[in-house]
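A.B. asks: Sequence:
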Amino acid sequence: MAHRLIGTLVTVLLIAPQSQAQSPAFEVASIKPTAKAKSTPGGEGSARYRIEHSPNSLTMRRVSLRDCVLWAYQVEEFQLSMPDSLSAKDYDILAKAAAPVPVSQLRRMLQQLLADRFKLTLHRDTKTIPIYALTVAKGGPKLPPVKTGGDDHHVVQQLPLVENGSFVFPDTTLADFAAKLSLLRGMDRPVLDRTGIDGYFDITLKSAAAALLQENGPSLFTLLQEQLGLKLVPTKTAFEILVVDHAESPTEN
Numbered sequence: 001m002a003h004r005l006i007g008t009l010v011t012v013l014l015i016a017p018q019s020q021a022q023s024p025a026f027e028v029a030s031i032k033p034t035a036k037a038k039s040t041p042g043g044e045g046s047a048r049y050r051i052e053h054s055p056n057s058l059t060m061r062r063v064s065l066r067d068c069v070l071w072a073y074q075v076e077e078f079q080l081s082m083p084d085s086l087s088a089k090d091y092d093i094l095a096k097a098a099a100p101v102p103v104s105q106l107r108r109m110l111q112q113l114l115a116d117r118f119k120l121t122l123h124r125d126t127k128t129i130p131i132y133a134l135t136v137a138k139g140g141p142k143l144p145p146v147k148t149g150g151d152d153h154h155v156v157q158q159l160p161l162v163e164n165g166s167f168v169f170p171d172t173t174l175a176d177f178a179a180k181l182s183l184l185r186g187m188d189r190p191v192l193d194r195t196g197i198d199g200y201f202d203i204t205l206k207s208a209a210a211a212l213l214q215e216n217g218p219s220l221f222t223l224l225q226e227q228l229g230l231k232l233v234p235t236k237t238a239f240e241i242l243v244v245d246h247a248e249s250p251t252e253n
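If you're matching positions, the sequence shown starts at 1 in the numbering used here and goes up one per residue.
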């Protein structure tokens, strides 16, 4: 979720062209149109894009400008107002930092790259919408162990994987988990993480993909609570949204 901005100065620094705000930049970056791939059946589990990041690199495969803005500014789909025409093309982006940096700085570097190469400009507004809050159910969470160790390489995909009728969310935060739930069939409003639980997990929601295809199958609401100790609570919340004012095709590498 995007953080609330406090004060005009902070707002100007975050939404002005990044070169003016003296934001950090990647040491090298390549942007190329994605080569056409053979068409494959879509549906749940067909991850359209792939984003991989480590402390000193960012690799984005088959991403639209919309995908880039969502990741760079850490907002959800419903928080971005952008003409569809600006996301008609997909790109492969490879970028490296001069030294290891936290993922928050990689996001700021991508903001700079979008401003420099796509000439992206945007502004912020507010909007109140209905959502589902992902919360911890009575009895506590039933999540797998949080991932520990020295693995700083993480992969983000647009949709969960499907294996044997189950939804699989590898290497995911609960914020990303909630975002993917938002895109599943039958989910009529965005899902936002309100659990307060940090860390990366390998989550499997057993039989959930198969259940969505059954007329009288168990709902995602039921499976979430039974298997993971999480529940979806309907509510309304005011959000800050991003409105894209201008963007162009990226400049040559």
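Derived from the structure by calculation, the hints contain no laboratory data. Just so you know, not all the hints are guaranteed correct.
So the derived label-pair ranges between C-beta atoms look like this [what the hints assert, rightly or not]: (1) 214 with 54: 27 to 33 Å; (2) 35 with 185: 25 to 31 Å; (3) 32 with 152: 24 to 30 Å; (4) 226 with 56: 38 to 44 Å.
Idealized CB from N, CA, C, for every residue including glycine.
A.B. asks: All hints are to be evaluated individually against the structure, with a verdict given for each.
C.D. replies: Do the hints match the structure? See the list:
Residue 214 and residue 54 have their C-beta atoms about 40 Å apart, which leaves the hinted 27 to 33 Å range violated. Between residue 35 and residue 185 the beta carbon distance is about 30 Å. The supplied range of 25 to 31 Å therefore holds. Taken as a hint, the range 24 to 30 Å holds for the pair residue 32 and residue 152, whose Cβ atoms sit roughly 26 Å apart. Taking 38 to 44 Å as the suggested C-beta distance range, the pair residue 226 and residue 56 conforms, at roughly 41 Å.
Going through the hint list in order, the structure does not satisfy hint 1, though it satisfies all others.
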